Structure formats: C-alpha cells, structure tokens
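Join the two chains, each given in its own frame, into one complex according to the hints.
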Amino acid sequence: MLAMDYRGPYRVRAVQKSTPDIEHPNDAIIRVTRSCICGSDLHLYHGLVPDTRVGTTFGHEFTGVVEEVGSSVQNLKVGDHVLVPFNISCGSCLYCQNQLYGNCHEVNPGATAVGGIYGYSHTAGGYDGGQAEYVRVPFADVGPYKIPHDLDLDDAVLLTDVFPTGYQAAEMGGVKEGDTVIIFGAGPVGIFAAKSAWLLGASRVIVIDQLDYRLEFVKRFAQCEAYNFREMEDPVVFLKKITDWQGADVCIDAVGAEAAGSAMQRLTGVKLKWQAGSAIAVQWAINSVKKGGVVSIVGVYGPTGNLIPLGNAVNKGITIRMNQASVKRHLPRLIEHIQAGRIKPSEIITHKIPLEEVAEAYHIFSSKLDNCIKTILVPPSEMH
Amino acid sequence: MNHEIRTSEVKGWGADKNPLDRPAYPMWHQPEEGTGAHWIEPEKQEMKFTVLKSIERPAMTSAFGTSVPPSGLSGAIRKFAFKYSESSFGHWIPLLIADRVDMVEGVLDDLKHGHIPNVFKEMGLKSEFKYNRKSAIKKTMVGALMLGAVPLLYTYLRRKHARPIN
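In order, the protein sequence lines correspond to chains A and B.
Residue numbers for the first sequence follow the numbering used here, so the first one is 53 and each next one is one higher.
Residue numbers for the second sequence follow the numbering used here, so the first one is 23 and each next one is one higher.
Rather than coming from a laboratory, the hints here were simulated on the basis of the structure.
Nothing here was measured: the structure is a model prediction, and the numbers come from that model.
All residues carry an ideal CB built from backbone N, CA and C; glycine is no exception.
Treat the hints with care, as some may be off.
Claimed, not checked - From the structure, some residues in chain A lie toward chain B, with a derived Cβ separation under 8 Å:
1. Arg59
2. Tyr62
3. Arg63
4. Val64
5. Arg65
6. Val106
7. Gly107
8. Gln126
9. Pro161
10. Tyr179
11. Val194
12. Leu252
13. His382
14. Tyr414
Said to hold, decoys possible - Here are the in silico distance ranges between beta carbons for each label pair:
15. A:Val117 / B:Ser93: 31 to 39 Å
16. B:Leu42 / A:Gly369: 23 to 31 Å
17. A:Glu229 / B:Met49: 18 to 26 Å
18. A:Asp264 / B:Ser110: 37 to 45 Å
19. B:Ala98 / A:Pro61: 20 to 28 Å
20. B:Gly36 / A:Gln262: 29 to 37 Å
21. B:Pro48 / A:Lys198: 24 to 32 Å
Next up, chain B with everything else stripped away, as it sits in the complex (with noise of 0.2 Å):
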C-alpha cells in the first residue's frame, strides 16, 4: 500500500492551511464589497403563464425558469402534486408519475408532428458500438431475439390452436 506520498511533493500543499482564511469561513458573512445587488428587494419577473409554486411558499418568487409550462395530462397531475408540501410524498411521487406520462405525450406529440423520434440515435448509441461494441451486439442480439420471440410465440400459439379444416 502506498501511503508515503510526501506533502512537500504535492503542488500548492498546504495554501489554504488556515482555517480562519477559507473563502467561505464564517459561513455566514456578509461581503465588504456587497454581493452586486443594487436593490433592497428584486423587481418581480412578469408571470405570462402558469408557475407551479410550492404552498411552503407566501408569495411567488421574484424570478423564474420560463422552461416548458405543465400541459396536458401530466400538466394536470403536477397540479395535482403542487397541492402537497415538499416533505409529503403527495408531492414528489405524482411528479415522478408525470414525468413518465411527459414521456408519452413527448412521442405522440413528435407523432402528431408527423416525426418519428429515432430513438437509437437519441440514446447515443452509436457510441456504445464505437467504443464498446462487444457488449452492444450482445444487447442487440438479445434485443432482436426478445422482440423476433414475440411473433414466433404467437404463430406458434395460433397454430397449435388451429382447429384441423375437414
């Protein structure tokens, strides 16, 4: 084991060392120079659609993200979620259930668009064949094998089912 490294050997050892010179000692503390705020409270960012708030929260906040707004219906059930506090599960799991809902409305509406989402290229697999291209034809013969399983089972099933024609 090696446990012999020299701190004289280590570039800039020891260049903090000072406990009471660290840039976030005291960890409250407020800065000489001030903090680039010219404002004793921000002006409030215009609200053009519906934020979600937190109801641990009086009033909105005076910025923030403009990044898709909720819609349809996992829209409706982050609503639905923004109803619980953030230290109830009513909160956080229907929001990781619209998520998964996001998901599929995200490919019906790329479908509606008349765009067909290519998904090996969105998941970057061709990567996964340049650099590991071992394990990428194993997953892609078991992958062609699972789904090629699916019609065989099912005219396998079919016909031995088929009532013999007299």
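Chain A on its own, in the form it takes in the complex (with noise of 0.2 Å):
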C-alpha cells in the first residue's frame, strides 16, 4: 500500500508498505478515505518530539471503510465507513469507563502521561498512522464512530480532532453567558476554539495570531475580532487595554510548543531544545486573564518542561485547565451543531493534496505557504 514515510526532519516520502495486519482479537483495518495533515504533526515532521523513529507513518485524523475486523469485534462490520478519533483507547480503564478517552492507560507501554495516539511516535505508542491507504485500528469497538448519512466526508475527517479539541479548550475554559475569550493561535484548533467559545455563550471573542491570512479567515469563520500581535509593541498590554484593564474571563492556548513571538522562548524551546518547545502562549494566556480567570491550554508540548510565569498564575488565582481532547464523548453534540447549521467544519480546508504528493504537502501546511491553513491528503482510491 502507499504510505507516508518519515525520513527525519523537514523530510518525508510517499512509499510502498505492507498492508497492516489484524494484530489483536479487537482490532479492524481500515481502507482510508480522507487524513488530514494536523498542526501538531509539525512538531514531529520538525524533529521535535522525541522517539519519532525513521520509518513512522503519521496521521491521527481519518476517516475510511472497514476492510477487516477481528476475532472479538461486535460494534463494527466489514463496509462500515467511520471516523476514527485521534485517541486510542481500551474503553475499560479506569480513564475510559469515565469518558476520558484521551487518558487511557492500556494503549502505549512506552509513557504513562500520555495515551496511544496514531502515528505520533513511540512515546505516544508506536502506531502507524492513517496518512496511508490501510490503517490498524486498535479496540474498534470502542474508537470508531460510524458516519451518519448526511454527514459529509470532509467534515467527518474535522471531527475525528480539531473540532473536538476547539470545543473542548472553550469548555475546559468553563465559557459562561457574557464572558470574554481570548484565543491565542489562529490555527484549525485556534478557529474552532472561537466558533465554540459563542456555543458556549461567550459575550466577546478575540483571536490573536502573526499571520493575516488567518485572522482574515478567523473573522470570516467565527465572526470574531482577530488582531495580529506582530502590530503590537506588547501584546499582553494591548490585551489588557481592549478588556478594560482587566483581561479576559477566558484564555486559551491553541498554538503549542512552536509558538512565534519570544526571540527567548524560540531559542531555548525550539532551536536548543532546553524545554519543551517554546511556551510563549502560555506566559501571554496567564499574563492575559483576569484574576479569578481560566487558562485553558490544548497546545501540544513536549514530555520536560517550560518556562511559563507559575508565580503569576499562583498570585493572579487563575485555573489553568488542559488535556488532549476526549473526541468521542464529544461527538454526538458536535454532529448535531453540523446538522442544525450551526458550524460547517469544512470551510476550513484549502488544500486537497494526493497522498502520492505528500511531502510538498507537508511543506506548504508548515511553512504556510498559498494561504494554508488545512491540508487534506486523499489516497490514490479516493481520486476520482
């Protein structure tokens, strides 16, 4: 089968593999129909997370068919077509049977903090992803989630991660009725994030980003005000100064461990590596929130550490809330906004790339070339 081949940093081949095999009583292989190259595979396709092993395949947003299914498999059946969840999860640990589907605790041997997650390295449990024509999936009878009729492809393959994730930063925020939200990180999750926050009855939302194409976008999408910190001398200031001195209820971190905007924080966190990407989002979201507020955090970042302002937050009696995002538990309120209209994921894609070409894929998703902001990869079956 064709699969994406990670060769190192910046440097990533569309090759010939074998097809996956059923390898546990619980596991299905699915044809793939649609992956999306997501904004924290940059962190991999950059070298950045460690145990990225030469020979990965990436990809943890899918959809596709059911091709073969194991011994032990009740809930699924060959010709499914499903959106497979980011997560990997076993559905009977402690963290599943309470929904928390990002946490499972049976599904990577190599790290406890994190669960199993499709093609994103060994330290997030070693599994190729779905940027392939065939992809293992490990406990279909939990992951998987068949596709209503009326739901479109590619906004499917937006549910299996980035919307989820945005909506779950805007909850983990706890946004109430009239509350202020700022958004850092105008991204797919960052987008996402700000269409949520009004779901959740936010009274004002703001996006902040370095690139115009996107809060161009962002203002369109989530009709919300978008400003370019690039044009600030101190964006925690300018923050501050349009939320009457006081900053927001809510902020959110929808960037991650590449964050633009310290000279400091990208030296040590992304050049150097002395933590664990650059946390800049972070020290403005806790320097930018009202005190008694919430910092919400689903920028993904390495397993050390980070220099993030800890005595602000301790003085400021903030809440910082994160987590990897619980798709399945989300999914069937997320299908119904998509249903009533109230959100068309879709919009957000820009590029529909063949698989065969995915390495000038992945070079125009990071280096946000032709107005990127969401790359689709189609496998060779799906061209048509």
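Structural data, given as structure tokens:
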C-alpha cells in the first residue's frame, strides 16, 4: 500500500509499505478515505517529539471504510464508513470508563503520561497512522464512529481531532454567558475554539495570531475580533487595554510548542530544545487572563518542562485546565451542531492533495504557503 | 477596534450555554450506554518483537503499536533511555539523540539498498518554488554560494601554501 514515510526532520516521502495485519482480536483494518495533516504533526515533522523513528507513518485524523475485523469485534462490520478519533482507547481502564478517552492507560507501553495516538511517535504508543491507504485500528469496538449518511466526508474527518479539540478548549475554559474569551492561535484548533466559545455563550471572542490571512479567515468563519500581535508593542498590554484593563475571563492556548512571539522562548524551546517547546502562548495567556480567570491549554508540548510564569498564575488565583481532547464523548453534540447548520467545519479546508504528494503537502502546511489553513491528503482510491 | 459583534448575529450563539449540559460535564462520568467495550479486562496483544516499556508501568499494555521496532545504534540508545523514568532527562535526551542517529542510519540504509534519497523532493521544495519563488531563489543562491565557497577556498589555500617548484 502507499503510505507516508518519515525520514528525519523536514523529510518525508510516499512509499510502498506492507498492508497492516490484525494484531489483536479487537483490531480492525480500515481503508482510508481521507486523512489530514494536523498542526501537531508539524512537531513530529520538525523533529521535536522524542522517539519519532525513521520509517513511521504519521496521521491521527482520518476516516475510512472497514476492510477487515478481528475475532472479537462486535460493533463494526466490513463496509462501515467510520471516522476514527485520534485517541486510541481500550474502553475499560479507569479513564476510559469515565470517558477520558484521551487518557487511556492501556494502549501506550512507552509512556504513562500520554495515551495512545495514531502515527504520533513511539512516545504515543508506536502506532502507524492514517496518512496511508490502510491503517490498523486497535479496540475497534470503542473508538471508531459510524459516519451518519447526511454528514459530508470532509466535515467528518475534521471531527476526528481539530473540531473536538477546539470545542474542548472552550469547554475546559468553563466559558459562561457574557464571558470575554481570548484565543491565542488562528490555526485550525484556534478557529474552532473561537466558534465554540460563541456556542458556549461568550459575549466577546478575540483571536491573536501573526498571519494576516488566517486572522482574516477566522474573522469571517467565527465572526470574532482578530488581531496581529506583530503590530503590537506588547500583546499583553494591548489585550489588557481592550478588556477594560482587567484581562479576559478565559484565555486559550491553541498554539503549542512552536509558538512565535518571543526570541528567547523560540531559542530555548525550539532551536536549543532546553525546554519542551516555546511556551510564549501560555505565558501570554496567564498574563492576559483576569484574576480568578481560567487558562485552557490544548496546544501540544513536549514531555520535559517549560518556562511559564507560575508566580503570576498563583498571585492571580487563576485556574489552568488542560488535556488531550476526549473526542468520542464530544461527537454526538458536535454532529448535532453540524446538522443544525450552526457550523460547517469543512470550510477551513484550503488544500486537498494526493497522498503521493505528501512531501509537498507537509512543506506547504509547515511553511504556511499559498494561504494554507488545513490540508487533506486523499489516497489514490479516492481520487475521482 | 471592532468589539461591536452582536451575539444575536452569531449563528448558534449560546446553543451550549448551560454549563450542566455540556458533553464533558462532569469530567468524570460513566456513560449509561457504555464505552463500547464488552470485556472487563481486554485481551493482550501478542508481542512479536522488542517493544520498549516505561519503567513507570508494572506490565505491558493490552495493545501497542507495531511500527519500526528498535534496531541498530539508535535502537541501542533507545533501550538505554528506557532504563530511566519519564520524569528523568536521562530518558528524553538519549531518545532525541537516538532520533538523530536514526536519521543517519536511514540514509545509510537507503544507500545500502541502492536508493539515493532525493532530499529536494522529500523536503517538498517544489512548492517553495511555486508559491514562494523569490525566497526559494534566494535560499538556493545562498546555498549554492556556500557550497561553491568550500572548493574555492580549498583551491585558494592550496595554491597559497604550495611551494614554488624550482
């Protein structure tokens, strides 16, 4: 089968690999119909995630048709078209039982802090991902979700990670009616976090980024205010000023480890790797939220440590909430929102690229070329 | 500054404004319909090759990935890293080193199989020329100058230090 193949930082290619086998009685083999490149895939692509082995296939956002099922699979049958949450979850550990599917303790031997994620290094379980023609899906009775007939495939694939992650960011922020919400990052997750903040009843939604084309997009898509931090002397002072000098009720970090905006954070976090990524978005979030407010983090960071102003967080009495999205528990509600016409996730897709051209797709997304926001990879069988 | 966006103009505003009726409330919540699992404890996946396990775990997990088992020098470094816990730099720094070693091993493996890696293609640089031509040309020229500078400097130094032949 054709699959993406990681060769080292900034180098990937499409190659022929063996089709995956059933390895566990509750496995399924899925023929991929859509897969995405996620912003967090760029952390792998840039060589920032430890234990990312040459030869791995990335991709944790995908839909597909069930081709084969293991002997104990009961809830899926061959031919079902499913969307597959990025979290691999056993369904029976303490965390899964309580719907914390992103924290499953039974699927990642290499680490205990992080659960299992498709195509996200051996630090997240060593699973191959969905940027391929076929993919192995463990615990097929737990994760995959049958795509309703009236749901567009391009909307469905965005329900595997970005939309639920953006929604959970707003939800973890505890957004209440009348709240002011600031979102750092106008990438796909930030865009969905902005829209979700409105769904939760915010009265004001502000997005901060450095790319004008993304700010223009989020302004249209999520009907929010959007500002470029490159035009500000000090983003925190600017944000205080436009929020009556108090700060926002909720600040969301939707950027993660490669945030721009601080030369020192970039040098120590991205170039020298002395910390687990640049934490400038968290720093701004803590300093821009009002006293007693909430900072919600869905940006992805490495496993070691980061420089953040903990003293300010303590002195302001803020709450910091963070987690990987528990995709499965959000799906029924988010599908309801799509069906009701409140949101059309696929509007964020700017590029549909054949899987064969995966290297170009990564470069375009990584370098923000051609006003790229979200890239979909289409396998050869779906190119028509 | 525009902060005159009326919530009534936002499609879907407040659809989930009741904090008690949100998908992740309460955080710890067992679903009545179950999780899809029909087992108390999942069956164990058969281990067919070396799988590195965190020392913070008492036993192997029920399922694990089968992608790229550890091998070569990078594999040896990874095995060393797994002697340390996830809270130790002794775990993560060797893993990052192993990743870089793995990259070199990947190139050597390609050459061993008669394949010369097309780095230009693997880096997707065609799109750089298509969408960011000016910068791509600039980078190429700087790269070419730097590459060209090495043999030129070498030739110059050789000539300078060459003894005249009588």
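Tested hints:
1. Arg59: At 5 Å from the nearest chain B Cβ, Arg59 (chain A) passes the 8 Å test, so the hint holds.
2. Tyr62: 5 Å, holds
3. Arg63: Holds - the Cβ of Arg63 (chain A) comes within 8 Å of chain B, reaching about 4 Å at its closest.
4. Val64: 6 Å, holds
5. Arg65: 5 Å, holds
6. Val106: Constraint on Val106 (chain A) satisfied, holds at 4 Å.
7. Gly107: 4 Å, holds
8. Gln126: 6 Å, holds
9. Pro161: At 4 Å from the nearest chain B Cβ, Pro161 (chain A) passes the 8 Å test, so the hint holds.
10. Tyr179: 4 Å, holds
11. Val194: Nearest chain B Cβ about 4 Å off; hint holds.
12. Leu252: 5 Å, holds
13. His382: Interface hint status for His382 (chain A): holds (5 Å vs cutoff 8 Å).
14. Tyr414: It holds, given that the least Cβ distance between Tyr414 (chain A) and chain B is near 6 Å, below 8 Å.
15. A:Val117 / B:Ser93: 31 to 39 Å: 33 Å, holds
16. B:Leu42 / A:Gly369: 23 to 31 Å: 24 Å, holds
17. A:Glu229 / B:Met49: 18 to 26 Å: Since the Cβ atoms of Glu229 (chain A) and Met49 (chain B) sit about 21 Å apart, the hinted range of 18 to 26 Å holds.
18. A:Asp264 / B:Ser110: 37 to 45 Å: 43 Å, holds
19. B:Ala98 / A:Pro61: 20 to 28 Å: 21 Å, holds
20. B:Gly36 / A:Gln262: 29 to 37 Å: 31 Å, holds
21. B:Pro48 / A:Lys198: 24 to 32 Å: 27 Å, holds
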